[in-house]
Every structure is written in C-alpha cells, then in structure tokens.
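Novice: Listed here are the chains, written in short residue letters.
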Amino acid sequence: NAGVTQTPKFQVLKTGQSMTLQCAQDMNHEYMSWYRQDPGMGLRLIHYSVGAGITDQGEVPNGYNVSRSTTEDFPLRLLSAAPSQTSVYFCASSYKAYNSPLHFGNGTRLTVT
Amino acid sequence: AQRVTQPEKLLSVFKGAPVELKCNYSYSGSPELFWYVQYSRQRLQLLLRHISRESIKGFTADLNKGETSFHLKKPFAQEEDSAMYYCALSGGNSGGSNYKLTFGKGTLLTVNP
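Respectively, the protein sequence lines represent chains A and B.
Letter by letter, the first sequence follows residues 1 to 113 in the numbering used here.
Letter by letter, the second sequence follows residues 1 to 113 in the numbering used here.
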C-alpha cells in the first residue's frame, strides 16, 4: 500500500491564483482530513470528511473548499490564494471517523507571494 | 470546545536523562488522547494512544482525568528521540466533536549527546 499520497510536494503561487492540492489514500479509510501546519501554531484542521459525499468544516476553513466524490480522493482547493495561506498542508486519513489513528501524507509546502 | 495545551515549545535534555513532555487538555466528555511524532524529514506518525496502555520506543503516557493531563515520559532519552511531538485529543464517540482531532502546538525535543 502507498498509504496517503499528496501532490505536489512544493508549490509557489501568486496572490489571487487558485490551485488544488491532491490527496489520495489506498487503505479504504472512511475518514479523511486536511490540516495546515504553521510555526508556533501546531496543526489546525481545515476540512474533514467522514465518507464519500460528506464533508464538514474544521477550525480554519475560510479560503478553502473540499469535495469527496470517492472514498480514495479528498482534494483541497484554494479559491484565491493569499499570503496568509503560506503553510505546510497535511492530508490524513483513518479507518473510522473516530478513535482511529490518523495516517498522514508527506505534506505540501505552499508559498503564496 | 476541546483544547490541547503543550506548555513547552522547546525541550532539551542530555542522552540518558529522563524526559517528560507535558500535555494538558480541556474537554467536557470522555476524551481519546494520542501522541504523534514527526522525525526530521519524515511524515507525522502515531506514537501511542491512551486506550492501548502500551509502551512504544520506551515512551509511556498515562491519562490523568483529575489533572486533565496526558504527559509523555521516557526514563532514558536517546539521541534518536529528537523530534517534534504533538499531543492530540479526539472527543471519544459522543457528539460531533468526535470527528475532529485537535492538536497541541507541539514540543520540539532535542536530545544532546
């Protein structure tokens, strides 16, 4: 199993541009989520999904959209990039929606200039 | 609301010394607590969870509901323990918050030779 795969690894955007961060898992996990990691802030939940067709907001959802059309994929869309969205983004999945350990991707380092 | 506090951003110890990484939480129900670790150039991974009551790589953590703490301990630190450690809380299996894993801001542990 590849586990949780994120692409791209690095991305530079200009303010106002849009892009999609890809996340795929091959473990048939029910739950998927997106976090951003910022220095001194830890990991903050952006959006999550408890199954195909179901998504919900986390702690810091503004400026991001998600969809879950299949069990495997959970893309994160930046609608109009802002410098405040410069961060490292992690996708994570778990077998069940609760009380299951998260499996993380390698992260995407995004810089918005 | 659920909250996780890791009071130390940085912790430095010498090899062979005991180490304790502090974690305090705030949650009104029965929490599920985890410790995650991120070694240099590796993805974030689960270290241990309180319901397992296990020791991983010599680390243990006991849930103290009276003090609302879940401190991570190791009697003899090794250089390879140097990493970023995150305490995390899930709201058990009651209510909507069970889908949200809340992380602390992390403690960077450095074990010196």
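Among the clues, some could well be false.
What the hints assert, rightly or not - Under the rule of at most 27 Å between Cα atoms (straight-line distance), these lysine-lysine pairs were calculated in the DSS-like manner: (1) B:LYS65 <-> B:LYS22; (2) A:LYS9 <-> B:LYS22; (3) B:LYS105 <-> A:LYS96.
Note that these hints are calculated values from the structure, not bench results.
Novice: Each of the hints needs a verdict: does it hold here or not?
Specialist: Going down the list of hints, with the structure as the test:
Of the supplied pair hints, the one linking B:LYS65 and B:LYS22 holds, its CA atoms being roughly 14 Å apart against a limit of 27 Å. Our distance criterion of 27 Å between C-alpha atoms is broken by A:LYS9 and B:LYS22, whose separation comes to about 32 Å. For a cut-off of 27 Å, the pair hint linking B:LYS105 to A:LYS96 stands: about 25 Å separates their Cα positions.
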